[in-house]
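Given chain D, work out where chain C should sit, using these hints.
Number of protein chains: 2
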Amino acid sequence: MVRWEPDARERLGDAALELYATRGFDETTVAEIAQSVGLTERTFFRHFTDKREVVFGRQEMFQAMFTDAVATAEGGPLDIVRAAVLAGCAFFADERRDHSVLRQRVITTHPELQERELLKMAALATAIAAALRTRGIADPVATLAAESGVVVFRVAFEQWLADGETRPLSAIATEGFTQLAALARS
Amino acid sequence: MVRWEPDARERLGDAALELYATRGFDETTVAEIAQSVGLTERTFFRHFTDKREVVFGRQEMFQAMFTDAVATAEGGPLDIVRAAVLAGCAFFADERRDHSVLRQRVITTHPELQERELLKMAALATAIAAALRTRGIADPVATLAAESGVVVFRVAFEQWLADGETRPLSAIATEGFTQLAALARS
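Chains as they are written, first to last, in my numbering: chain D, 86 to 271; chain C, 86 to 271.
Some clues are possibly wrong.
Unchecked claim - If you want a taste of the chain C side facing chain D, the calculated C-beta under 10 Å gives, among others:
| id | residue |
| --- | --- |
| 1 | 92 |
| 2 | 192 |
| 3 | 236 |
| 4 | 237 |
Stated by the list, open to error - Computed spacing ranges between beta-carbons, pair by pair:
| id | chain 1 | residue 1 | chain 2 | residue 2 | range |
| --- | --- | --- | --- | --- | --- |
| 5 | C | 135 | D | 142 | 52 to 62 Å |
| 6 | C | 186 | D | 184 | 40 to 50 Å |
| 7 | C | 164 | D | 197 | 14 to 24 Å |
| 8 | D | 223 | C | 134 | 49 to 59 Å |
| 9 | D | 138 | C | 145 | 46 to 56 Å |
Claimed, not checked - Result set (DSBU-like, lysine-lysine): computed pairs, CA atoms no more than 35 Å apart in a straight line:
| id | chain 1 | residue 1 | chain 2 | residue 2 |
| --- | --- | --- | --- | --- |
| 10 | C | 205 | D | 136 |
| 11 | C | 136 | D | 205 |
| 12 | D | 136 | D | 205 |
| 13 | D | 205 | C | 205 |
| 14 | C | 205 | C | 136 |
| 15 | C | 136 | D | 136 |
The set of hints was computed from the structure by calculation and includes no laboratory data.
Ideal Cβ placement from N, Cα and C applies to all residues, glycine included.
The following block holds chain D by itself, in its conformation from the complex (with noise of 0.2 Å):
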């Protein structure tokens, strides 16, 4: 009764970075990871445009977490930036953190894609700017904000995937932003 394919995109997604991890990046064709979990090229590539994608998909669903946060928070603009970090955040879940440390050990070993990771983050910054300026904050106080908001989230996130790190990705967030304020006090 059940159907494979609802389940497809993330059960291709986990196989290629299973594959890009133990094998390489470019050493990984589109078929392996299709046969691996018993599917289709075409099936694949109905779900992902490209063995890049499988890494970094889904950046508008991802951005709008943050984004959509800004529109309805309520504070000063690094309240509002907190509060779409904390949104953020919740895309994470701990049950996603294996799959989010394969990714990043895929990513880490691949200058391409670490680029492409560090403009994901620059595209990141420059949406939650726009979000604040629609709010009427002004830059540089928008940019400023928004860009400190992506430095919290970067770190915490590399701190969440960090061996032994047990605390969720939210309250690692929680404590930058109180670190970054204990820095710019002092």
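For chain C alone, coordinates are given in the frame of chain D:
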């Protein structure tokens, strides 16, 4: 008595940017750049490895201005980073503003150069964070402080290049750190 060579790098660089801005980066050849200042392609390649290096050259020297200051500055982590950023600002004297405006225009109209600029800034933050760790400041504070400093620098740099802006880059960056502190306090 005056030989051309000592100025060749700067003359070639200025001519190249001028051509990139007017004709487009991809459309400009090294032969055209060299010809426009009465030099040879061979001389161009003695000073630059390729056309992109005109826009991004001397990254080590650029980074060293920041990291050398980290080694000697006093105060807390963000004080040290502020000193590093202000030392970096000294790289951009007011008489180089027109050159920087032209460079920015070339970068803005070319996605590949924009990406390279982002990577350059990411590398700068990584270098500053490493210099902070050498001074005994541990992560995540070292990375938070370094990345925040680079955010202030980037935002200040963009303001410095804006039409009608007359303040020196260091004054804009100093105000940026004040704005960051105000943000973090609120």
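Starting from residue 205/D, check that the Cα of residue 205/C is at most 35 Å away, please.
Satisfied, since the Cα-Cα distance of roughly 15 Å is no more than 35 Å.
Assessment of proposed distance window 40 to 50 Å (beta carbons of residue 186/C, residue 184/D):
holds (45 Å)
At a threshold of 10 Å, is the proposed contact between residue 237/C and chain D supported by beta-carbon distances?
Given a least distance of 7 Å, the restraint on residue 237/C holds.
Using the Cβ atoms, figure out if residue 138/D sits within 46 to 56 Å of residue 145/C.
At 35 Å between Cβs, range violated.
Next item in the hint list is residue 236/C. Is there a CB on chain D closer than 10 Å to its CB?
holds (4 Å)
Hold the hint about residue 192/C up to the distance rule: shortest CB distance to chain D must be less than 10 Å.
Nearest chain D Cβ about 13 Å off; hint violated.
The hint names residue 92/C as touching chain D; please verify it with the least Cβ-Cβ distance against 10 Å.
violated (34 Å)
Restraint status (C-alpha distance of residue 136/C to residue 205/D at most 35 Å):
Holds, because 26 Å separates the two Cα atoms, which is no more than 35 Å.
Outcome for the supplied range 52 to 62 Å, where the beta carbon pair is residue 135/C and residue 142/D:
violated (33 Å)
Distance restraint between residue 205/C and residue 136/D, which requires alpha-carbon spacing of 35 Å or less
Status holds; Cα separation ~26 Å.
Whether the CB-CB distance between residue 164/C and residue 197/D falls inside 14 to 24 Å:
violated (37 Å)
Holds or violated: are the alpha carbons of residue 136/D and residue 205/D at most 35 Å from each other?
holds (16 Å)
In this structure, the earlier hints numbered 1, 2, 5, 7, 8 and 9 are contradicted, and the remaining ones agree with it.
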